[in-house]
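**Q** Which chain is which? The protein sequence lines are L and H, in order.
Take the first sequence: its letter number 91 is residue 91 in my numbering, and every next letter is one higher.
Take the second sequence: its letter number 155 is residue 155 in my numbering, and every next letter is one higher.
It should be emphasised that the hints constitute simulated quantities derived from the structure, not laboratory data.
Misleading hints may appear alongside valid ones.
As the list claims (entries may be wrong) - From the structure, some residues in chain L lie toward chain H, with a derived Cβ separation under 8 Å:
{"hint": "1", "residue": "Ala-14"}
{"hint": "2", "residue": "Ile-55"}
{"hint": "3", "residue": "Pro-58"}
{"hint": "4", "residue": "Thr-64"}
{"hint": "5", "residue": "Lys-67"}
{"hint": "6", "residue": "Leu-95"}
{"hint": "7", "residue": "Arg-97"}
{"hint": "8", "residue": "Phe-151"}
{"hint": "9", "residue": "Asn-163"}
{"hint": "10", "residue": "Leu-167"}
{"hint": "11", "residue": "Tyr-169"}
Said to hold, decoys possible - When the alpha-carbon atoms are kept at most 27 Å apart in a straight line, the in silico DSSO-like pairs for lysine-lysine are as follows:
{"hint": "12", "chain 1": "H", "residue 1": "Lys-35", "chain 2": "L", "residue 2": "Lys-131"}
{"hint": "13", "chain 1": "L", "residue 1": "Lys-138", "chain 2": "L", "residue 2": "Lys-67"}
{"hint": "14", "chain 1": "H", "residue 1": "Lys-243", "chain 2": "L", "residue 2": "Lys-138"}
{"hint": "15", "chain 1": "H", "residue 1": "Lys-35", "chain 2": "L", "residue 2": "Lys-138"}
{"hint": "16", "chain 1": "L", "residue 1": "Lys-138", "chain 2": "H", "residue 2": "Lys-188"}
{"hint": "17", "chain 1": "L", "residue 1": "Lys-131", "chain 2": "L", "residue 2": "Lys-74"}
{"hint": "18", "chain 1": "H", "residue 1": "Lys-113", "chain 2": "H", "residue 2": "Lys-35"}
{"hint": "19", "chain 1": "L", "residue 1": "Lys-140", "chain 2": "H", "residue 2": "Lys-188"}
{"hint": "20", "chain 1": "L", "residue 1": "Lys-67", "chain 2": "L", "residue 2": "Lys-131"}
Note that beta-carbon positions come from the ideal geometry of N, C-alpha and C, so glycine has one too.
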Amino acid sequence: MAAPESGDGNNGAARMVTLISSDNTRFEVEAAAASLSQTLQLTILDGGGGGGDGIPLPNVDSATLSKVLEYCIKHAPAAANGGAPNATAVDRAELERFDNEFVNIDQSVLYSLIMAAHNLEIEGLQSLVAKKVADMIKGKSPMEIRRTLGFPDPTPEEQAEMNAHMLEYGWAYE
Amino acid sequence: MSQPPELVDDLVEEFLLRCPPDDPACLLRAALVCKRWYRLISGRRFRRRFAELHRTAPMLGFFYCRLAPLRFVPTTSFRPPPSDLLRISRALDARHGRVLLHNLFSCQLEETKLIVWDPITGGMRPLPMPRFRRSYTSWTAAVLCLEAGCDHLDCGGGRFLVVFVATDESERFTSTCIYSSENGAWSKLTTAIKVIDLEDALSVRALEASAQVVGFADGIGIILVRMVDAFFTVDVKSNLVKKIAEGLDFFNVVPYLSFYTPALGAASSDGGPRATAPHSGGACRKASR
């Protein structure tokens, strides 16, 4: 994911854009950070989001957007280097530490992030939150997964089906 | 905890895709959570995406013979479904999720001497032995993908070739013929005289004399080595050595590499489930239990 504003850093102040959450909060961020979103990148390339305009994001509330932007701001420099092939091990370790910390959040926030990352097409964030949910279900039985993710209790038929599978696929439960 | 409000299939798929390929039980348990997840995970599209994301199929275990039955030593949580095939066969080769078996039961028909088997779906396809004019003393066979330009990420259900190589009694002539799942027939024989220096080809001389290379996991650079009465995998790139089994009399060791995505018995009809046979079209039946 290359940021389109590679020249900005050399021309003094970086270009800023304004994003407006569903609950009408305005966020001003560097265009390079917002451009991590494939969806926003096109608008920004067209010159949108500058001045008093702002880009409305009717599907993302302010709490989620501020979290999303926290991610984008942290990852923008590495993305600007074309995935940071020459980043130092320290930089990479720092990003990894940030990522781990970043997804250490309440489940409802995590779900909002999944939706936002999907709507805004932020590849790295999509992958990060998906990995987090996968980690949450790792090592758990189907029943435990249901509880973890807040599914309603299974109907008797569903329960019977799960038991039958359990007999057939014993190795999944070892 | 709140349930994901309306996480559409696309989003559920995103996190299910991140289940680790080297822990097949994880994806299997997820498939049993609810019907919707099951349909998603057992579909062709999911299998394709899972393979594309993770790229390299893990070694799920290896087959070997020890006196009579064929055994499977798992190196992950995966276990093949119970099958009579294991009782009567030895493994000749495995590639792209298919295993080529040699049916050792002499009373069985010539038509089912070779069997291509998919240990994940349980699908199988028997083939006859090729007919040679000269009698041959030693032979082996390999199973390959027939699709041109295939990336082999998800070709287990596609068309395949079986290459049969035999050496005659004089040990001067090596003949090859090829079976295509498409025609369901063996090609004409081609005969060649060729000597390959295996030591050079495999460059295994560096290994201690007491270590015996018994198998090679094509594509991921893992060799299986026997030392005294224990078996190890050696990762050629990292030199990482892992002990995987103990015991004597291992032979015909065939590593099995594949992405495991569940293809549960009663596959639903929507969501495009995978065929339960390791080929498209033609006669097939499910391996008996």
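**Q** Taking the hints in turn, state whether each one holds.
**A** How the hints compare with the structure:
1. Given the 8 Å rule on beta carbons, the hint for Ala-14 (chain L) is violated: about 31 Å separates it from the nearest Cβ of chain H.
2. The restraint placing Ile-55 (chain L) at the interface with chain H is violated, with a minimum CB-CB distance near 23 Å, outside the 8 Å limit.
3. Of the supplied interface hints, the one on Pro-58 (chain L) is violated, with its beta-carbon coming no nearer than about 16 Å to a beta-carbon of chain H, more than 8 Å.
4. For Thr-64 (chain L), the interface hint is violated, the least distance from its beta-carbon to any beta-carbon of chain H being 13 Å, above 8 Å.
5. About 17 Å separates the beta-carbon of Lys-67 (chain L) from the nearest beta-carbon of chain H, more than 8 Å, and the hint is not met.
6. Taking 8 Å as the C-beta cut-off, the interface hint given for Leu-95 (chain L) is violated, the closest approach to chain H being about 18 Å.
7. Checking Arg-97 (chain L) against chain H by beta carbon gives a least distance of about 20 Å; that is not within 8 Å, so the hint is violated.
8. Taking 8 Å as the C-beta contact cut-off toward chain H, the hint placing Phe-151 (chain L) at the interface holds, the least distance being around 6 Å.
9. Look at Asn-163 (chain L): its Cβ only gets to about 10 Å from chain H, farther than 8 Å, so that hint breaks.
10. Below 8 Å, beta-carbon pairs count as interface contacts, and Leu-167 (chain L) has none with chain H, the closest being about 12 Å; its hint is therefore violated.
11. With a cut of 8 Å, the hint placing Tyr-169 (chain L) at the interface with chain H holds, because the nearest CB-to-CB distance is about 6 Å.
12. Between the alpha carbons of Lys-35 (chain H) and Lys-131 (chain L) the distance comes to roughly 22 Å, so the proposed pair stays at or under 27 Å and holds.
13. Of the supplied pair hints, the one linking Lys-138 (chain L) and Lys-67 (chain L) holds, its CA atoms being roughly 25 Å apart against a limit of 27 Å.
14. With a CA separation close to 25 Å, the supplied pair Lys-243 (chain H) and Lys-138 (chain L) stays within the 27 Å bound.
15. A C-alpha spacing of about 19 Å is found between Lys-35 (chain H) and Lys-138 (chain L), which places the hinted pair at or below 27 Å, so the restraint holds.
16. Simply put, Lys-138 (chain L) and Lys-188 (chain H) have alpha-carbon atoms about 51 Å apart, too far for the 27 Å limit, and the pair is violated.
17. Between Lys-131 (chain L) and Lys-74 (chain L) the alpha-carbon distance is near 19 Å, which keeps this suggested pair within the 27 Å criterion.
18. A threshold of 27 Å between alpha carbons decides the hint, and for Lys-113 (chain H) with Lys-35 (chain H) the separation of about 39 Å lies outside it, so the pair is violated.
19. A threshold of 27 Å between alpha carbons decides the hint, and for Lys-140 (chain L) with Lys-188 (chain H) the separation of about 53 Å lies outside it, so the pair is violated.
20. Proximity of Lys-67 (chain L) to Lys-131 (chain L) is assessed by CA-CA distance (about 17 Å); at most 27 Å being required, the pair is judged to hold.
Checked against the numbered hints above, the structure violates hints 1, 2, 3, 4, 5, 6, 7, 9, 10, 16, 18 and 19; every other hint is satisfied.
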